[in-house]
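Visitor: Residue-level listing of the chains:
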Amino acid sequence: MIDLLLKNASRSGVEIDKLFDLITFLVGFWFLLAEAVLFGLVFRFHRSRSPRALYVSGEEKHQKRWIAVPHVLVLLCDVVIIAGTMLVWSHVKQQLPPADAVVRIGSQQWAWVFTLPGPDGVFDTPDDIARVNELHVRSGAVYHFELTAQDVIHCFSVPAFRLKQDAVPGRLIKGWFAALEPGRYDIQCAEMCGIGHGLMAASLYVEEKEQHARWLQENAAPPRELVAFRFPNP
Amino acid sequence: MTTLTHPKYGAIWFTLVVLLGISLLGPLTGSTAFVLLLAFGIAVVKAGMVAAWFMHLAVERRLIWFLMITALALMAVLFFGVAPDVMRDQGQNWGALAAGKN
Amino acid sequence: MNAVTLTPPPVTAPAPVRGSFWSRYVFSTDHKVIALQYLFTGMAMGVLGGLMAYVFRMQLAYPGESVPGFGVVSPGKYNSLVTLHGTIMIFWMAMPILIAALGNYLIPLMIGCDDMVFPRLNRLSYQIFLLSAVVLLASLAVPGGGFGGAWTAYPPLSSRGIWNHTPLGAPLWLLAVALEIVAFLMGGINFITTLMNSRAPGMRMHDIPIVVWMIVVASVLFMGSVGPLVAGAVMMLMDQVAGTAFFDPARGGDPLLWQHLFWFFGHPEVYVVLLPALGVVAEIITVFARKKLFGYRTILYTTFTTAVLSFFVWAHHQFVAGIDPRMAHIFTITTLLISVPIAEMIFSFIATLYGGSITLELPMLWALGFLADFLLGGVTGIYLGSSGTDIYLHDTYFVLAHFHYTFVPIAVIAGFAAVYHWYPKMFGRHMNKTLGHLHFWGTVLPFNGIFIPLFLTGLAGDHRRIYSYALFKELARPELQQLRVFATICTVIMLLFQTPFFINFFYSMFRGAKAADNPWRATTLEWATATPPPHGNFPHEIAVYRGPYEYSVPGRPVDFWPQHEPA
Amino acid sequence: MSVHAATLDHESLACRRCASGIPAGRLALWWVVTSEIVIFGGLLASYLLFRLRHVSWGEEAAHTNTLAGATNTLVLLTSSLFAVLAHRCATQGDGRGASRFLRFTIALGGVFLIVKALEYTGEIHHGYTLLRGTFWSFYYVATGLHALHVVAGMIAMAVVSVGAGRGRQLQRVELVGIYWHFVDVVWIFLFPLFYIAK
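Residue numbers (our numbering), protein chains in the order written: chain A, 1 to 234; chain B, 1 to 102; chain C, 1 to 567; chain D, 1 to 198.
Since the hints were made in silico from the structure, they are not lab data.
No experiment lies behind these values; they were computed from the predicted model shown.
Idealized CB from N, CA, C, for every residue including glycine.
If the Cβ cut is set under 8 Å, some of the chain B residues that face chain A in the computed set are:
(1) Gln92
(2) Asn93
(3) Trp94
(4) Gly95
(5) Ala96
(6) Leu97
Restricting the straight-line Cα-Cα distance to at most 30 Å, the calculated cross-link-like pairs of lysine-lysine (DSSO-like) are:
(7) A/Lys18 <-> C/Lys473
(8) A/Lys18 <-> A/Lys7
(9) C/Lys433 <-> C/Lys514
(10) A/Lys174 <-> C/Lys473
(11) C/Lys473 <-> A/Lys7
(12) A/Lys7 <-> A/Lys174
(13) A/Lys209 <-> A/Lys18
(14) A/Lys209 <-> C/Lys473
(15) D/Lys116 <-> D/Lys198
(16) A/Lys7 <-> A/Lys209
(17) A/Lys209 <-> A/Lys174
(18) A/Lys174 <-> A/Lys18
Using the sequences and the hints, build the whole thing.
Guide: Okay, structure coming up:
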């Protein structure tokens, strides 16, 4: 359903969208039912149709049933949603699938710094590629990210990936994503981080395998102005 | 004012002071775990005595006891809810970065 | 149905008003005067908060352009506008109107008492509240501007001036919130003690009107949850002004601690304002459906359940905030469980309508509007309480639309329901119906027009608190911008349609049709005295013989049976 | 109406009723204590979480002055005794006795503050200031907040003792006593937290 507004582009997003649809189905039913009953009762028992009200306490057993049965049904729906959401949560946030590559994400007021290990696949070597507000990844590969913040709390959010994680100064948070298809996607900061919060936009470029390898080769030397960025060691 | 029989406040005070003395002697034993257990055990006992006899919780309506216990229970909820984040340096998929001094 | 009182209550002539203007209206200890002081202050702050919404909605619809009546909205100003809008609407509009004004006005009247047990403490709490509002407004005028770290004030952003760029605005904001909390703690103690001790003879637990229960349970909730936030505020203030590092990880603090302390309060706070609103709706639907409340005890017990559960759900605001992911499971379960008592309560309200004889008077319209709109706010909460979908929806406009669908029905719609319902009692006159209908439809329709589009933009990935979407290609799409413009136009319409209300409110106070003592033919005790009630409320001590909602009792000549009428 | 209006402040209907069985003043005070429990509870829970996380804080805590802490515990316990003796006098209708005991309590509160001041001075003198580290921030904030409560209690007791000395509002002696005992209880927990656990 979210797909209609913003197309999903990641592996974990598929599950989240399905969960969203499940919840929409369940709560949508209750919502429509409750609204229909509400308006129906207001219409049916308007004074013009019902000049004298009944005396119903709602305290007797056969009356309480009208609340008790929906009560149990709501609880059942809750159980279904809880089961679904636990599954999705553990897939997206808890179990990281084996990584094809790792990216370090640093955030500060008001920019993102993405560090890729470069062609050799090892961090802290001269061919590391650090880029401000620009992340290049390979389509289909599982990326682990290591997320932190320099100053205040930021939030790494890629709406098209259904991916969101706060970057907290003082801690290193790990997570994963895997893009489904090539393209350019928005990266946003989703946590209020000061007056430049609205400026913390970045781009996520998903590339095919060969294209990405070429990009890594071409950019293996770190641009000079970025050497100053200190990525805190875990 | 409700009628209230007053216990022997002097004796209670004396017990409290003795307990204070014992908690001060704890560090002499040298065992950290014992010191902590003793100190906090005595603190709970002392607080209980002050509440029960000086604040007259012992003869107060049950409702007030319930109130105090609820407030303390809420703090326990807070503590255990926050502990996985604030009391630890490591957790699932996160770890604290080396900070500055303490 | 005006002015029909078949059982004339024992009423003496309204007391002659004595004393100067100051002692009667400003330094009065009369709970009704204090209630009106809270009401007027809350309404004034509400207007201010609404105008702030106008400014930043205009910025979002027409980014970078000068907003008529304000000027160009810079990012700093935008942040401080959204922060202050949130803070004001929760602390200075919803709480004073729903808890303080209604609690002060209704509790002594509805339990058949002459005043609060501590009238001077009551006056002091209002004065501290007023002071807090002044401090808050002052925080906007200091160098550096008003605080802009969102109403949740997450550190380290809010704890250090070098990051939030409001070295004076932030501490003043925090001080204002702390003062407001003090005022409400004092007021809450007064409410609770009054209800526990000063009920009219014969009023048992189950004879207390639901709205009084709700306000008092809300006060207890507030008191139980706000302590850690007060402690956190002390720490935050020390961080801001003395340079300590409670929340600064670089020097040994932990920013997540504040989030926990804040939301430990912040989530029960939702119920602190929700419960009185539900109480108001319960009172109104019984009166205008001429029905006994369906399942009084069920509603009461679900209230308690909700109150208790609300202490166990706070971290659902922090699913993606960097908390340990294992905790999310626990908080998902507790959060979704809370939907059960709330759903049950709403079902009971709807069931109350069954078999009724409904008149769509103005208060009833607002109460039904509350139920219809709050339902959407309630069900969208499921998406956010469920950790899996919250990953995507957290901090998007979906969240924003969700909680506006709860808070606007709570604070605005139920607030207006209360005002329209008790206005005759407060001022002894009726409000104009035509203007009232204009106001109702002009508020409820644009309200849906604002937030349904925002649900959609949220689903499309719009994040909150971003002052311009120009930099985000996915969000700068024209169809999304059209939704934003539509929402903004609806905001302006909704704000404009508050004018008939204010005209109506102040005009009717002096020129409205005179109201009888019990114009709605209601059963609860506040209708058993003169209109408006004199200082001291009841001409003589009043006793209670039955529950609060005895409408349409078979075999009675009239369809309501007041609580104070002997059998 | 005029009957009520004349007597509203003290003899109001609201104050004459007592449905819960606990007089309004004492009931309200228990609610005050409840709200204070969660305030101090939040602060101490935060401290405890940090303390259990940072083992190194034990070394910092070694620099707090146990003797001063113990003295102050003794002082507060004794002051609580006087507060409760004042209450006993009040229940026996002896307003002057209650007033005298309250003055002793205030005096001991003063002693507490003096010891506290000397303790702070010594620590600051040795470089253990508010900004030395988060342990010390907690130490000063927690004990400082407690000291503010001591001051508030002393002021309240001064007001009550003046009234009690003239035989008025004797029920207030108990109320201010409950508050004072609560302040004492908070200190009973602060003492091991900051002075003994090292």
